[in-house]
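A.B. asks: Just so you know, the sequences run in chain order A and B. Going by the working numbering, the first residue of the first sequence is number 1, and it counts up by one from there. Going by the working numbering, the first residue of the second sequence is number 1001, and it counts up by one from there.
By construction, these hints were calculated from the structure, which means they are not laboratory data. Among these hints, one or two may not hold up.
Unchecked claim - Sample of chain A residues facing chain B (criterion: CB under 8 Å; computed from the structure):
1. I175
2. I182
3. F210
4. F224
5. L227
6. L228
7. G229
8. N231
9. G237
10. N240
11. I247
12. L295
13. L445
14. L446
15. A610
To be verified - Lysine to any residue pairs mimicking SDA-like chemistry, simulated, CA-CA at most 25 Å apart:
16. B/K1132 with A/P152
17. A/K593 with B/E1116
18. A/K593 with B/V1144
19. A/K536 with A/L243
20. B/K1132 with A/D615
21. B/K1099 with B/V1078
22. B/K1168 with B/W1157
23. B/K1099 with A/I130
24. B/K1099 with A/L243
25. B/K1168 with A/L613
26. B/K1099 with A/I609
27. B/K1132 with A/S578
28. B/K1017 with A/E547
Stated by the list, open to error - The following residues of chain B were derived to be distant from chain A, with all beta-carbon distances above 12 Å:
29. F1032
30. L1039
31. L1043
32. T1046
33. E1062
34. N1094
35. E1116
36. I1117
37. Y1121
38. A1139
39. W1157
Here a beta-carbon is modelled for each residue, glycine too, at the ideal position from N, C-alpha and C.
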Amino acid sequence: MAHAHAHSHSVKRYTGIMDWLTTVDHKKIGILYLIAGGFFFGIGGIEAILIRLQLIKPMNDLVSAQVFNELITMHGTTMIFLGVMPVIFALMNAVIPLQIGARDVAFPFLNSLGFWTFLFGGLLLNLSWIMGGAPDAGWTSYPPLSSTDYSPTHGVDFYTIGLQIAGLGTLIGGINFLATIITMRAPGMSFMRMPMFTWTAFITSAMILFAFPAITVGLVLLSFDRLLGANFFDVAGGGNPVLWQHIFWIFGHPEVYILILPAFGIISEVIPTFSRKRLFGYSSMVFATILIAFLGFMVWAHHMFTTGLGPVANALFSIATMLIAVPTGIKIFNWLFTMWGGQIRFTSANLFAIGFVPTFVMGGVTGVMLASAPADFQFHDTYFVVAHFHYVIVGGLVFGLFSGLHYWWPKMFGRVLNETLGKWTFWLFAIGFHMTFFVQHFLGLLGMQRRIVSYLPNQNFDELNFISTIGAILMGIGVLAFLANVVATSRKPVGAAADPWEDGRTLEWSIPSPPPEYNFKQIPLVRGIDAYWKEKMAGNKEMTPSEPVGPIHMPSPSILPFVMSLGLFIAGLGFMFSTEDFSNSFMSLIFNKYIVLIVGLLITFAAMIARSLYDDHGYHIEVEELEGEGKA
Amino acid sequence: MSHAEHVNGELPHEPEKATLEGRNKVLGFWLFLGGEAVLFGTLFATFLALRGQNNEGPTASELFSLPITAAATLILLVSSLTSVFAIQALHRHNIEKLKLWLIVTVALGLGFLGLEIYEFYEYIVHESFNMKTSAFSSAFYTLVGFHGAHVAFGVVWISLLIAQLYRKGLTVVTAPKVYVSAMYWHFIDVVWVFIFSVVYLLGKVG
Ligand code: HEM
Ligand SMILES: [Cu+2]
């Protein structure tokens, strides 16, 4: 699969669908992540509504117990790995290179590869619905529940293999952003001048790098147990199911901070802009972020208090967990002090950001309650935990993402979202959210377990569950309002100003919306924190350039990332069905003899070899073209 | 943005770091190796947790033969040394020596793989010790097999780089590729040192 253009400098530039399949432009990849993440978010949302409809009244039988298990498993897995992660990556792609004054990421090709592996992994996982049943052992997939004895369909295989492929994409993305932030910053942008969102993306990427390989190994071991008859988690063969819990949570707890840190970053951009004040306590914010990431790796066993690790381990993990509340509290106060005395504007983006603060605090408070090991024996596996993590993930992260989307939408698409619809989105979503999850605290305290398909009447569960389901529907309507806004806005002409909020502080607001493919005609010179604001205050209209206008080198588009990911997808299917009993002799030949697996891997390797053999010389955008665009 | 063009004539002293792309590649590869370290760390932790669980199958001390693994260790350590020679040749812009040392490295890697395949074959066929035997066997094959797959990948990769050196010569494009492949090779060598100690030596003594 050689490039036609491998050795020429007149690079083929694609249009239409081929443009999207081959793009290595971080802005377009950001949009791809947003579309894919939005798609999976929609699927996960429908699953959530179905779960809530099943629980709307006692002894309901809307779905069977088996389908219910599949719904809760796929809801959690989809939302965490395929819904919010890609939307985070969408914003990171769209914003980080602009915030640090770079023309692209460090590895544009890998950026595209990361997206496609994520997408194919996610598609593989969701294919399970139509290929014999979805995974049904919970998003945590604890053995023995996830063993072939108790989960005989291929559902859990879709989980292990789909997540491995998708996780590879995330890992690649993490490495890419680490390298980008380390090497691609504009002159003058020292680490302590980086915008907070860039900082949190940096730390999140570092956490991805150290957390995702652990879950990859866990998933490999589980798939070996299920497909190759290994004994890692099988007690009868000498294995140990608690080992899975450790591996899962050594990844799992850092993962929750991987999710929330970018939201912290978004909030730290939106609140200062709409308060017309610089972020209060910038250095303490940076320090708190690093501390949270560090502590985040030390606390995984707070998910295992009831596993029986013993009082000493429980006490230590309990204390370590509570410590995280300290840096988190620092952040909360910094946001409050940023707003203090500022000229606050209640735009949709800022509503989500301000709404984030109290909601996230509530999630943090229940977190500290859960961190007390003796109390957790009561809370564990009840709706109290469900309430806790939805307060931090939805009330925290999803609020943050909505805030960021409203804030950066003009930069991504050149059109400002409609503010009226934006406010409708916020109020519907926020009220729906609290209705859904606030009552779940009490359901948990009253003893309702999580992951149950139905409950008996007259245990004081009935009204609270009803309220919760109505709230979920409201949230759904809120999301629809957002979609309506997106559709309505996309019909408007492109015409957002470079700095549509007028109080933009960071570099992305100093260039057109949407930016040209090379971002900066001249790389800017950074003279302080909030580089663009600083220039504005000095009376300048634009950033001071750090280089003369010259030809700009661009990487060429490539279909290879798509092909590599497709190969992995095929190989995954091949491995998964290698143990299946096929009635059809052809099918059994190609699957049971690992032919599909090998073909898939060969496709991937062939594409890797093609990438290595044919150098990508890229192409240049010449000065005339740059000047022409400047005048137009 | 610097342009990775063929450099005719003068090649800088460290051609792998001459362009931004080259520097990014080296940094990105260090990061990748950080992730790999976590990957193998998790595999080692798993192995340590399960190494006593032989489930009435063969135990480590019954199974392992130190002479073979010692030979494999020696081969891999020497191959690390030869890849250092290769990088020294790269820095001296001596492309003939560079190709030669890379070929020696690949040959040694193949020798290591041969010994490993022989070892696995013996265990599976003559000792009936396979993936399904016990938790210990699963952990053993997964850890050592993952490492073996890394070696195999490295062998193919470095071979391809040798072919490129023949076709394109040493440039600021090929140099970073060779350099990171050497980093990779050292990494899997270090992993093997841990495997030799934790799996084999520890297995022999008890
Ligand atoms: C002050 C900070 C936090 C503390 C002290 C804390 C503490 C805890 C504890 C102790 C549990 C285990 C409860 C149990 O299973 O019995 C838990 C569960 C959970 N937390 Fe947090 N947490 C905090 C922040 C977060 C954040 C920021 C997120 C995500 C963005 C998060 C997501 C989760 C999830 C998903 C679970 C449930 C996992 C499951 O069992 O499925 N937490 N938290
Ligand atoms: Cu946790």
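A.B. asks: Each hint: holds or not?
C.D. replies: Results of checking the hints against the structure:
| no. | hint | in the structure |
| --- | --- | --- |
| 1 | I175 | 5 Å, holds |
| 2 | I182 | 6 Å, holds |
| 3 | F210 | 5 Å, holds |
| 4 | F224 | 6 Å, holds |
| 5 | L227 | 10 Å, violated |
| 6 | L228 | 5 Å, holds |
| 7 | G229 | 4 Å, holds |
| 8 | N231 | 4 Å, holds |
| 9 | G237 | 5 Å, holds |
| 10 | N240 | 6 Å, holds |
| 11 | I247 | 6 Å, holds |
| 12 | L295 | 18 Å, violated |
| 13 | L445 | 36 Å, violated |
| 14 | L446 | 38 Å, violated |
| 15 | A610 | 11 Å, violated |
| 16 | B/K1132 with A/P152 | 18 Å, holds |
| 17 | A/K593 with B/E1116 | 23 Å, holds |
| 18 | A/K593 with B/V1144 | 24 Å, holds |
| 19 | A/K536 with A/L243 | 56 Å, violated |
| 20 | B/K1132 with A/D615 | 44 Å, violated |
| 21 | B/K1099 with B/V1078 | 17 Å, holds |
| 22 | B/K1168 with B/W1157 | 16 Å, holds |
| 23 | B/K1099 with A/I130 | 52 Å, violated |
| 24 | B/K1099 with A/L243 | 45 Å, violated |
| 25 | B/K1168 with A/L613 | 10 Å, holds |
| 26 | B/K1099 with A/I609 | 19 Å, holds |
| 27 | B/K1132 with A/S578 | 16 Å, holds |
| 28 | B/K1017 with A/E547 | 22 Å, holds |
| 29 | F1032 | 6 Å, violated |
| 30 | L1039 | 4 Å, violated |
| 31 | L1043 | 6 Å, violated |
| 32 | T1046 | 6 Å, violated |
| 33 | E1062 | 16 Å, holds |
| 34 | N1094 | 22 Å, holds |
| 35 | E1116 | 18 Å, holds |
| 36 | I1117 | 18 Å, holds |
| 37 | Y1121 | 17 Å, holds |
| 38 | A1139 | 7 Å, violated |
| 39 | W1157 | 8 Å, violated |
Taken one by one, the earlier hints fail for this structure at numbers 5, 12, 13, 14, 15, 19, 20, 23, 24, 29, 30, 31, 32, 38 and 39, listed in ascending order.
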